[in-house]
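Undergrad: Take a look at the letters that make up each chain.
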Amino acid sequence: MTESISPPAVEMRGIVKRFGPVIANNHVDFTLEQGEIHALLGENGAGKTTLMRILYGLYHPDAGEIRIKGQPVVIHSPKDAIAHGIGMVTQHFALAAPLTVAENVVLGYTDGFRLDLPAASQKVLDAARRFGIEVDPNARVKDLSVGQRQRVEILKALYRQADVLILDEPTAVLTPQEVEQLFEGLRRMQSQGLSVVFISHKLHEVMAITDRVTVLRQGEVIGTVRTQETTPAELARMMVGRPTFGVSKPDTSPRDDVLLRLEKVAALDSRGLPAVKDVTLHVRAGEILGLAGVSGNGQRELAQVLEGVRRCTGGYIVANGHDITNAGPRKVMAAGVGRIPEDRHESVVLDLTVAQNMALEHLDAYTRGGVLDKKRMRAHAEQLIEAYQIKARPDDPIRTLSGGNMQKVILARVLERNPSVIIVAQPTRGLDVGATEYVHQKLVEQRERGAAILLISEDLDEILTLSDRVAVMYEGEIMGIVPPDVDLETLGLLMSGVRIANEPENTEAA
Amino acid sequence: MKLRIEKSPAPVWFRPLIPLLAILFTILITSVLVILVGANPFHAFYYFLIDPLSSRVSFIEVLVKSTPLLLTGAAVTFAFVGGFWNIGAEGQMLMGATAATAIGIHMHAAPPWVAIPLMLAGGFAAGMAWVLIPALMRVKLHIDEVVTTLLLNAVALLIVSAILNGPWRDPVSQWPQSPEIAASAIFPKLIPRTRLHLGFLIALAVILIVWFILTRTPFGLKMKAVGLGPQAARFAGINVDRTLLISALVSGGIAGLAGVNEVAGIHYHLIDAIAGGQGYTGIIVATLGGLNAWGVTLAAFFIGLIDTGSQTVSRALGVPIYLGDVIQATLLLTTLAFLLFQRYRIRIR
Ligand SMILES: Nc1ncnc2c1ncn2[C@@H]1O[C@H](COP(=O)(O)OP(=O)(O)O)[C@@H](O)[C@H]1O
Ligand SMILES: [Mg+2]
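If you're matching them up, the sequences are chains C and P in order.
Using the numbering used here, the first residue of the first sequence is number 3, and each one after it goes up by one.
Using the numbering used here, the first residue of the second sequence is number 21, and each one after it goes up by one.
For the record, the hints were derived by calculation from the structure and aren't laboratory data.
Computed from a predicted structure; not experimentally measured.
The beta-carbon is built from N, C-alpha and C at its ideal position, and this holds for glycine as well.
Some clues are possibly wrong.
[What the hints assert, rightly or not] Some, not all, of what chain P presents toward chain C, calculated at C-beta under 8 Å:
hint: 1; residue: Val57
hint: 2; residue: Gly58
hint: 3; residue: Ala59
hint: 4; residue: Arg213
hint: 5; residue: His217
hint: 6; residue: Arg236
hint: 7; residue: Thr237
hint: 8; residue: Pro238
hint: 9; residue: Ala245
hint: 10; residue: Leu248
hint: 11; residue: Ala252
hint: 12; residue: Gly257
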């Protein structure tokens, strides 16, 4: 592969791409050798998708150059990319559901005006055989599973003579069995000389299927390593880097009373597969317990269970002395739990106003004689806007706010009620430095006030700076609980699924 | 020069202009049809839009024509705001009319103040019952209500026609029309020797109540939250299923009232053309009215105006009476198209 004299399949040099203030790709160099499977690894927002969208002609780089098989090229559109033998399977499939597999594959790629479907169907079948991709060309896409649809997308790219295949987080939507089938297909393609870019943030998959790994972090390349010469722990460390924050928490120590208690909590993900397995955690008053882990390891589902919007299929949860297992959002809030979810759009109605969203969780407080007290809602909003320095007016639709201001609205809505337990997930994702610092400051204040805070974040810096203890989650389980000054080596091991011996949560529950 | 479509919300001042622009565009587009049938579009739109307002008789007729549209428009609005896409106002209206007839024909011994409230309650309940099944299917089984409510319109029409050809067939004329309702069940006239009846006031009252619920009550805010962002509504502790169910039922009930209105105010007996597409027109009224009560009121009067005008215009200029329907349908399409401008802009560079 690398030893061969043939030029690299793709060379990207000095790629820069900005979105407003965000630098999604900062002088990225990336080389894909012919016939290799190359992982692009990095946390959410690291810039993986952006880099590949540039290669596929969906974005235009602000700077940098691209060579394909040694030839400098300019890629204006996916059409150009396809002409250069590049195919991409994105996270969102672009298939026409009522049409058959064969029709979808040849759609937009027919010779001349005539459409000879039997012939097309045969060609699709040939391509499917050649690469060992099992799918019936005459099946209708609407009848296919997600995994099968993905295979159709791959076929589409192969049918267009792609010899470079980009897969953007292909396993995110697959069951473990489907992942295995995908990997088999990829190996077949590799043996036929195709080169594959495999985007992922799942370490074991990267270890299992790739030849080399390029790690991106905050838009920059941290390094490229041979898979055989690295370990999951090293990759985890490269992905997450080290702490760099300004906010520091005061040296008060947590009190003894446990305000949030999770005992053997289990839950399923949206596909019905186990996502949270026997999670036991105790969070004390005045404590921030950080929950770290590579994304997609059950953190999101666990947060939703605690927020009262996902069913808990095992174990129980006690907040502030109230059993809130499967209690629903109202009872969870009534138990004194404040919730700041991962996806801001999950908790605000974008087309309602700031004032309405601020009142939505406690409408009873703004009702007098069965009628909404709009004056009170407005006054309340004005007061929170002032207290939390939100750049918005009470009557602005939330949709018009920046991410930082939207997060402040949610923060204000939660914190004004002085919750004794706070569940907060990815609180600074997509925020600029100023807003990030503000959010951190507020969380530290709540800790000092005596709230028990469960901080779920993929941002290790955030976790290590703010937490009193750090629990690490991997494939739905807690791998261990460590102090925030733990060495990154250990943390990397935990995040890659290696359990280390430490006192289990049960012993300190007493 | 290059045209680009960008996603960006329209400024606030632009929103009220959307229906006006839609109306203007509709007039332009349909003028072509008017020219094609050999008439002068200026004359045609004079008869459509101005002439009905120029005499007392025809002005009152506009109000009469608007009455059921106020109700079906309010019904559709109530459902749409709550996120329930009720396309079945037509069927719910038919059921309301049937219930009103069933009650009305037995009211010979009752005074009006008993008969009329009974018919209103019966019509409301029948409309509610007719939307109950699609509403439950949506909430419990996640079956798309657009399809189910639409299909039930046909079922409602068949039921009505079965009743009219069976038990209620007029024994004398053999026409498929029900016996007349009792005199005490007939809506009193608001102005003597016109067709304007009590239903008009009832429709205005319903509009007022809908306005109040949607803008002044916590339930209205919950409905909006559920309609605009069900996930976030659920997160905030709102019972999404219950809210959807209530929105759907109230909507069906109001559509049922539109049926009562036609029986007790206009026809005095049941015929299978009693709804006559006004349930569907309610969708146009609600959309053109921007899903708010005052907008719906204006839109209902506007469509009532066109309805009245289409008769005059076909008499005066010999154009087909269906031109009115064409204008209404075009208006729906242009309104929907213009609503896109709330979310997108076209940039020229
Ligand atoms: N179309 C876009 N507009 C604005 N910002 C974007 C856009 N696409 C990506 N970004 C930003 O660029 C950064 C990198 O995103 P992305 O390439 O999607 O990351 P990854 O695929 O590694 O998760 C993120 O901060 C993201 O918010
Ligand atoms: Mg991505």
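Undergrad: State for each hint whether it applies.
TA: Here is what the structure says about each hint:
1. For Val57(P), the shortest C-beta to C-beta distance to chain C is roughly 38 Å, which exceeds 8 Å, and the interface hint is violated.
2. At its closest, the beta carbon of Gly58(P) sits 40 Å from a beta carbon of chain C; the interface hint therefore is violated under the 8 Å criterion.
3. With a least beta-carbon distance of about 42 Å to chain C, the hint placing Ala59(P) at the interface is violated under the 8 Å criterion.
4. Interface restraint check: Arg213(P) against chain C, minimum CB-CB distance 42 Å, threshold 8 Å, status violated.
5. The criterion of a C-beta within 8 Å of any C-beta in chain C is not met by His217(P), whose closest approach is roughly 32 Å, and the hint is violated.
6. Checking Arg236(P) against chain C by beta carbon gives a least distance of about 5 Å; that is within 8 Å, so the hint holds.
7. Restraint check, Thr237(P) versus chain C: the minimum CB separation of about 6 Å is within 8 Å; hint holds.
8. Because the smallest distance between the Cβ of Pro238(P) and any Cβ of chain C comes to about 4 Å, under 8 Å, the interface hint for this residue holds.
9. The beta carbon of Ala245(P) comes within 5 Å of a beta carbon in chain C, closer than 8 Å, and the hint placing it at the interface holds.
10. Because the beta carbon of Leu248(P) sits about 4 Å from the nearest beta carbon in chain C, less than 8 Å, this interface hint is met.
11. Taking 8 Å as the C-beta contact cut-off toward chain C, the hint placing Ala252(P) at the interface holds, the least distance being around 5 Å.
12. For Gly257(P), the suggested interface contact is upheld, since its CB lies about 4 Å from the closest CB of chain C, less than 8 Å.
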